[in-house]
Amino acid sequence: MTKKINKDLTSEQKLVLFEEGTEMAGTSELNHEKREGSFHCVNCGVKLFDSNTKYESGSGWPSFYESLPDVFETKTDHLLGYARTEYHCKNCGGHHGHIFEDGPNPTGKRYCNNGVCLVFKPQKKIKLILGFYLVYNHSKLTKRFKLKFIYEKNNFLALYI
8 MTKKINKDLT
18 SEQKLVLFEE
28 GTEMAGTSEL
38 NHEKREGSFH
48 CVNCGVKLFD
58 SNTKYESGSG
68 WPSFYESLPD
78 VFETKTDHLL
88 GYARTEYHCK
98 NCGGHHGHIF
108 EDGPNPTGKR
118 YCNNGVCLVF
128 KPQKKIKLIL
138 GFYLVYNHSK
148 LTKRFKLKFI
158 YEKNNFLALY
168 I
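Counted the way my numbering counts, the sequence shown spans residues 8 to 168.
Among the hints, a few may not be true.
Said to hold, decoys possible - With a Cα cut of at most 30 Å, we get these calculated DSSO-like pairs of lysine-lysine:
1) K11 - K21
2) K97 - K128
3) K82 - K54
4) K21 - K116
5) K82 - K131
6) K41 - K21
7) K128 - K116
8) K128 - K10
9) K11 - K54
10) K21 - K128
11) K10 - K21
12) K54 - K116
13) K10 - K132
14) K131 - K97
15) K116 - K131
16) K131 - K54
17) K132 - K82
18) K97 - K21
19) K14 - K128
20) K116 - K10
21) K82 - K14
22) K41 - K132
23) K10 - K97
24) K131 - K14
25) K97 - K14
26) K97 - K82
27) K11 - K131
28) K54 - K21
29) K116 - K11
30) K82 - K11
31) K97 - K116
32) K41 - K116
Simulated from the structure, these hints should not be mistaken for laboratory data.
Work out the full structure, taking the sequences as your base and the hints as a guide.
Structure follows, in structure tokens:
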């Protein structure tokens, strides 16, 4: 795999992604991200995590108990004098963080991710419009009504006639 570096990355993002740096704990705005959506690699755009796997670990970095399948490669890192599992985006090779075995159920894992390596994309609201005709036949007089229902994210919004 060739490391293709996005020209729009900041110097901090390049340091973390391609020189295996670490951002300061507690500095990422993504620590407080609670909306539904997904987290993507800031360098190549590949989707890495769903928001429903994010949790507050108290570590100071965005943490997830599960990644999407087959998006990371791992290697052992001894930089701090002991073995840690480091993970990199399989698509572009960017370093994202480390995996620890102290996470919540169902996996027991904690993907401790540098926030500068992620882009959050909120879930798009889905709007479903159902239209149909209602035919009313009373005393050989036929009336035809066009009805339209709008349903958006578990809410019935409107009925048009």
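Against the structure, the hints:
1. K11 - K21: Holds, at roughly 11 Å.
2. K97 - K128: With Cα atoms ~20 Å apart, K97 and K128 stay inside 30 Å; holds.
3. K82 - K54: With Cα atoms ~20 Å apart, K82 and K54 stay inside 30 Å; holds.
4. K21 - K116: holds (26 Å)
5. K82 - K131: violated (35 Å)
6. K41 - K21: holds (26 Å)
7. K128 - K116: It holds: about 23 Å lies between the C-alpha atoms, which stays within 30 Å.
8. K128 - K10: holds (23 Å)
9. K11 - K54: The hint holds at about 17 Å.
10. K21 - K128: holds (21 Å)
11. K10 - K21: Holds: K10 and K21 sit about 11 Å apart, inside 30 Å.
12. K54 - K116: holds (19 Å)
13. K10 - K132: violated (34 Å)
14. K131 - K97: holds (26 Å)
15. K116 - K131: holds (28 Å)
16. K131 - K54: holds (15 Å)
17. K132 - K82: Violated, because 38 Å separates the two Cα atoms, which is more than 30 Å.
18. K97 - K21: The hint holds at about 16 Å.
19. K14 - K128: holds (20 Å)
20. K116 - K10: holds (27 Å)
21. K82 - K14: holds (26 Å)
22. K41 - K132: holds (16 Å)
23. K10 - K97: holds (10 Å)
24. K131 - K14: holds (27 Å)
25. K97 - K14: holds (19 Å)
26. K97 - K82: Within the cut-off at roughly 12 Å; holds.
27. K11 - K131: It holds: about 29 Å lies between the C-alpha atoms, which stays within 30 Å.
28. K54 - K21: Holds. K54 to K21 sits at ~19 Å (cutoff 30 Å).
29. K116 - K11: With Cα atoms ~29 Å apart, K116 and K11 stay inside 30 Å; holds.
30. K82 - K11: At roughly 20 Å apart (the allowed maximum being 30 Å), K11 and K82 satisfy the hint.
31. K97 - K116: Roughly 19 Å separates the two Cα atoms, so the pair holds.
32. K41 - K116: Holds - the C-alpha atoms of K116 and K41 are around 20 Å apart, at most 30 Å.
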